[in-house]
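Participant: Chain A is fixed; fit chains B and C onto it per the hints.
Residue numbers (the UniProt record's numbering), protein chains in the order written: chain A, 1 to 484; chain B, 1 to 122; chain C, 1 to 101.
Please keep in mind that the hints were generated in silico from the structure rather than gathered at the bench.
Hints are not guaranteed to be accurate.
[What the hints assert, rightly or not] Only part of the chain C face toward chain A is listed, based on derived beta-carbon distances under 10 Å:
{"hint": "1", "residue": "Ala8"}
{"hint": "2", "residue": "Val30"}
{"hint": "3", "residue": "Gly52"}
{"hint": "4", "residue": "Ala79"}
[Said to hold, decoys possible] Cut-off 20 Å, straight-line C-alpha distance, at most; resulting in silico cross-link-like pairs (SDA-like, lysine to any residue):
{"hint": "5", "chain 1": "A", "residue 1": "Lys154", "chain 2": "C", "residue 2": "Arg86"}
{"hint": "6", "chain 1": "B", "residue 1": "Lys116", "chain 2": "C", "residue 2": "Ile78"}
{"hint": "7", "chain 1": "A", "residue 1": "Lys154", "chain 2": "B", "residue 2": "Leu62"}
{"hint": "8", "chain 1": "A", "residue 1": "Lys365", "chain 2": "A", "residue 2": "Lys455"}
{"hint": "9", "chain 1": "A", "residue 1": "Lys33", "chain 2": "B", "residue 2": "Gly109"}
{"hint": "10", "chain 1": "C", "residue 1": "Lys95", "chain 2": "C", "residue 2": "Met29"}
{"hint": "11", "chain 1": "B", "residue 1": "Lys115", "chain 2": "A", "residue 2": "Leu30"}
{"hint": "12", "chain 1": "C", "residue 1": "Lys24", "chain 2": "C", "residue 2": "Asp94"}
{"hint": "13", "chain 1": "A", "residue 1": "Lys154", "chain 2": "C", "residue 2": "Met29"}
{"hint": "14", "chain 1": "A", "residue 1": "Lys155", "chain 2": "C", "residue 2": "Ser56"}
{"hint": "15", "chain 1": "B", "residue 1": "Lys116", "chain 2": "A", "residue 2": "Leu32"}
{"hint": "16", "chain 1": "B", "residue 1": "Lys117", "chain 2": "A", "residue 2": "Pro106"}
{"hint": "17", "chain 1": "B", "residue 1": "Lys117", "chain 2": "A", "residue 2": "His107"}
{"hint": "18", "chain 1": "A", "residue 1": "Lys153", "chain 2": "B", "residue 2": "Leu65"}
{"hint": "19", "chain 1": "B", "residue 1": "Lys115", "chain 2": "B", "residue 2": "Phe63"}
{"hint": "20", "chain 1": "A", "residue 1": "Lys455", "chain 2": "A", "residue 2": "His372"}
{"hint": "21", "chain 1": "A", "residue 1": "Lys154", "chain 2": "A", "residue 2": "Glu108"}
{"hint": "22", "chain 1": "A", "residue 1": "Lys153", "chain 2": "A", "residue 2": "Lys197"}
{"hint": "23", "chain 1": "C", "residue 1": "Lys95", "chain 2": "C", "residue 2": "Ile82"}
{"hint": "24", "chain 1": "C", "residue 1": "Lys88", "chain 2": "A", "residue 2": "Tyr104"}
{"hint": "25", "chain 1": "A", "residue 1": "Lys153", "chain 2": "C", "residue 2": "Ile78"}
{"hint": "26", "chain 1": "B", "residue 1": "Lys115", "chain 2": "A", "residue 2": "Glu108"}
{"hint": "27", "chain 1": "A", "residue 1": "Lys197", "chain 2": "C", "residue 2": "Ser56"}
{"hint": "28", "chain 1": "B", "residue 1": "Lys116", "chain 2": "A", "residue 2": "Pro106"}
{"hint": "29", "chain 1": "B", "residue 1": "Lys116", "chain 2": "B", "residue 2": "Phe67"}
{"hint": "30", "chain 1": "B", "residue 1": "Lys115", "chain 2": "A", "residue 2": "Glu105"}
{"hint": "31", "chain 1": "B", "residue 1": "Lys116", "chain 2": "B", "residue 2": "Tyr42"}
{"hint": "32", "chain 1": "A", "residue 1": "Lys197", "chain 2": "A", "residue 2": "Phe275"}
[Stated by the list, open to error] Non-contacting residues of chain C with respect to chain B, defined by C-beta distances greater than 12 Å in every case (computed):
{"hint": "33", "residue": "Thr4"}
{"hint": "34", "residue": "Tyr6"}
{"hint": "35", "residue": "Leu18"}
{"hint": "36", "residue": "Arg25"}
{"hint": "37", "residue": "Phe54"}
{"hint": "38", "residue": "Gln60"}
{"hint": "39", "residue": "Ala72"}
{"hint": "40", "residue": "Ala75"}
Just so it is clear, CB atoms sit at the ideal spot from N, CA and C, and this is done for glycine as well.
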Amino acid sequence: MQSMSDMDWGIMAPEWVIAIACALLIVVDLFLKNTASRRWIGFLSLLAVGMAGGWVITQFRHKSAMILDGAYILAPYTLIWKIILLTGAALVLLVSLGQEKKEYEPHEGEYYYLLLTAVLGGMIVVSTADLIGLYTGLELLSLSSYILVGIQKKKNRSNEAAWKYVVLGGVSSAFILYGMSFLYGLTGTTHVGEIQKQLSQVGSSYEAYVYLSFFLMMVGFGFKLASAPFHTWAPDVYQGAPTPITSFLAIVSKSVTFALVLIVYMAYAGPYGEFQEDMIILFMIMATLSMIIGNTVALRQTNVKRMMAYSSIAHAGYVLVAVATGNQILIPIVFFYLFVYLFMTIGVFAVIALVAEQEKSEDLKAFAGLYHRSPLLALSMSVFLLSLAGIPVTAGFFGKFYIIMGALELNHIWLIAVMIVTTIISYYYYFAVIRQMYFRRPASSDPVRVSWPMKVAIGISLIATMGIGIMPQFVLETLQSLLR
Amino acid sequence: MEKSYLSLAIFFLLGIALPMVALFFGRLLRPHRPLPEKAITYESGVDPTGDSWVQFHVRYYLFALLFVIFDVEAVFLYPWAVSYDLLRTEMGLFILVEMTIFVLFLLIGLIYAWKKKVLEWR
Amino acid sequence: MNITSYLALAAILFSIGLYGVITKRNAVMVLFSIELMLNAVNINLVAFAKYGIFPSISGQVFSLFSIAIAAAEAAVGIAILIALYRNKGTVEADKYNSMKG
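Here chain A stands alone, though its shape is the one from the complex (with noise of 0.2 Å):
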């Protein structure tokens, strides 16, 4: 056994750089006086975020690495899930900066060193090959989420919000918990790599827990991923909570779950052929499911934070269906697929949260003639949501076409066609709101205030989905790379 001070510490420095950051703005939180501003806690958890996340890049060059028996991984896709995760969060702290009327005030500090342990959290469920630091990481973004959510302690509609994500949580992740107990019974180790051993020598003669452990599992998965059919919590949390915290849910929470499924994925992929198929089956029902009740649900709704959650939906099962044909090939398309999603989502709630502060409501009738008021704002709506929608030659259609493509060489007609005809219906509702923005009659004529973090976010998030969209296969390309 390797001695533990001998131990390459340095490969855990982004995890440190958060934690430390987390640990010392609590501190400074507490001692600061309550009459004085927070907002500069949210900009330093914004250079925590940028440092952590320039450390990742440079990581790229180390030599993959484990540390604590293989318990922490480094290796490029760790780095990749990281990069994810940072991008997204240093946008929604950038949104959260940008909102000029908190409703959760008094709690600003709290929120910002939040936002950092929920995302210190996701970086330890991806770096990590045990079940145990799965689990906690797992817990640790949960549970700063359920807060999240809730943070407008006065606000009777975030309070609901919170509980019905404390309760599903909890349920999803005594799921998960007792999946994982089987998992380590059948094989005496919470090493995924060495569950994946033991499994394939032990696993034929128990075969009937195996599968068990597998469903509890996909359960706890389902109700994290908000994939059909245990998406029902997702539109009351949405729309319930701070929309930077919901922009947040759609794009880290479910990044993380989605490496969680790949992780323990891995784990039931010994030479034990008969039991990847029935996976595999699953997925493909889970994505289904997700694809057409997101799709034909969001249909009906007015609230554009509900129809956001039900095209999150969609889209957690548009990536089911890469994950689904169960092929180490189409990694390097899940990672292209979160990269889209992740920028277009922050941007479509940026705007969201902007022209919900102005005309209070979130009704989809707010954004009625906003190209009239703010087309520029218009616009930058317009091309995130049509890369939502996945209008050719934007970097949604080419995140769903790798999908296709991968899926049809893999001849998963059916859910091809499925995927097709949901995302041709889900164009109705994403257009729903362009029409509103160009067709109707504006309640005001003044121009929406942006303020400046407003800006830049809208801006990354623009330039990165224009840009994927423009060159795609040379991002495509630059992940195959790194992946290999």
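Facilitator: Below, chains B and C without anything else, positioned relative to chain A:
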């Protein structure tokens, strides 16, 4: 084997019969004179005021929560302390540093509770 | 002692917990039920650590972690419930339904 079940059955029957008999004879022997004073809740001779279903102040919950959190975190210290000598030969001072970091994070939690005035009783 | 009985106990407790989450109207009872589910898993873990196919200490370590996390989860849950109670004045979970769609 059957014998032990038999004794269990006798024990069970006796357990049911004894209180019934005792209560029955008690009822036969005792005088029956109900008074309103006898029906009220006994509070050391003082007349009871208000409802007995009082709502506890939220502050109690805060204390309880704080206790539970620190209690379960302390659980991690026990295995560490028990295996300290063994681990020290293997890893040296590192094991002490590691736990210091853990306790420091707990300390931040305590400072948080203290500054949020959860520890004060008013 | 056979491990099956421990697993059965855990399964029963887990099911009772799940049933409680779905059917209970009192929000505090819902939180209790979630705790019950998490603790059922702890029984599972400890049983596997002692009587499993490959007994090892990591199951007990895992259960320690899960106990600590469950406590934190309960704390967050209760805190949110208190905030909700202050706004709504009720712990009936059915009344928490202002959002529809």
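Participant: Now, for every hint given, state plainly whether the structure supports it.
Facilitator: Structure-based check of each hint:
1. Ala8: Violated - the Cβ of alanine 8/C stays beyond 10 Å from chain A, reaching only about 13 Å at its closest.
2. Val30: At 6 Å from the nearest chain A Cβ, valine 30/C passes the 10 Å test, so the hint holds.
3. Gly52: With a closest approach of 5 Å, the glycine 52/C hint holds.
4. Ala79: 8 Å, holds
5. Lys154/A to Arg86/C: 9 Å, holds
6. Lys116/B to Ile78/C: Holds, at about 18 Å.
7. Lys154/A to Leu62/B: 19 Å, holds
8. Lys365/A to Lys455/A: 23 Å, violated
9. Lys33/A to Gly109/B: 19 Å, holds
10. Lys95/C to Met29/C: 15 Å, holds
11. Lys115/B to Leu30/A: 6 Å, holds
12. Lys24/C to Asp94/C: Holds. Lysine 24/C to aspartate 94/C sits at ~9 Å (cutoff 20 Å).
13. Lys154/A to Met29/C: 24 Å, violated
14. Lys155/A to Ser56/C: 48 Å, violated
15. Lys116/B to Leu32/A: 12 Å, holds
16. Lys117/B to Pro106/A: Status holds; Cα separation ~15 Å.
17. Lys117/B to His107/A: 15 Å, holds
18. Lys153/A to Leu65/B: Cα-Cα ~19 Å, so holds.
19. Lys115/B to Phe63/B: This hinted pair holds, its Cα atoms lying about 14 Å apart.
20. Lys455/A to His372/A: The given pair, whose Cα atoms are some 19 Å apart, holds under the 20 Å limit.
21. Lys154/A to Glu108/A: 14 Å, holds
22. Lys153/A to Lys197/A: Status violated; Cα separation ~48 Å.
23. Lys95/C to Ile82/C: Satisfied, since the Cα-Cα distance of roughly 15 Å is no more than 20 Å.
24. Lys88/C to Tyr104/A: 19 Å, holds
25. Lys153/A to Ile78/C: 13 Å, holds
26. Lys115/B to Glu108/A: 16 Å, holds
27. Lys197/A to Ser56/C: 16 Å, holds
28. Lys116/B to Pro106/A: Holds, at roughly 12 Å.
29. Lys116/B to Phe67/B: 16 Å, holds
30. Lys115/B to Glu105/A: Distance ~18 Å between lysine 115/B and glutamate 105/A Cα, so the pair holds.
31. Lys116/B to Tyr42/B: Distance of about 39 Å is beyond 20 Å: violated.
32. Lys197/A to Phe275/A: 15 Å, holds
33. Thr4: Its Cβ never comes within 12 Å of chain B, the nearest being 23 Å, so this holds.
34. Tyr6: For tyrosine 6/C, whose nearest Cβ neighbour in chain B is about 21 Å away, the distance exceeds 12 Å, so it holds.
35. Leu18: 23 Å, holds
36. Arg25: It holds; arginine 25/C is separated from chain B by about 19 Å at its closest Cβ, greater than 12 Å.
37. Phe54: 21 Å, holds
38. Gln60: Violated, since 9 Å does not exceed 12 Å.
39. Ala72: Since the minimum Cβ distance to chain B is about 6 Å, alanine 72/C lies within 12 Å and the statement is violated.
40. Ala75: 5 Å, violated
Checked against the numbered hints given earlier, the structure breaks hints 1, 8, 13, 14, 22, 31, 38, 39, 40 and satisfies all the rest.
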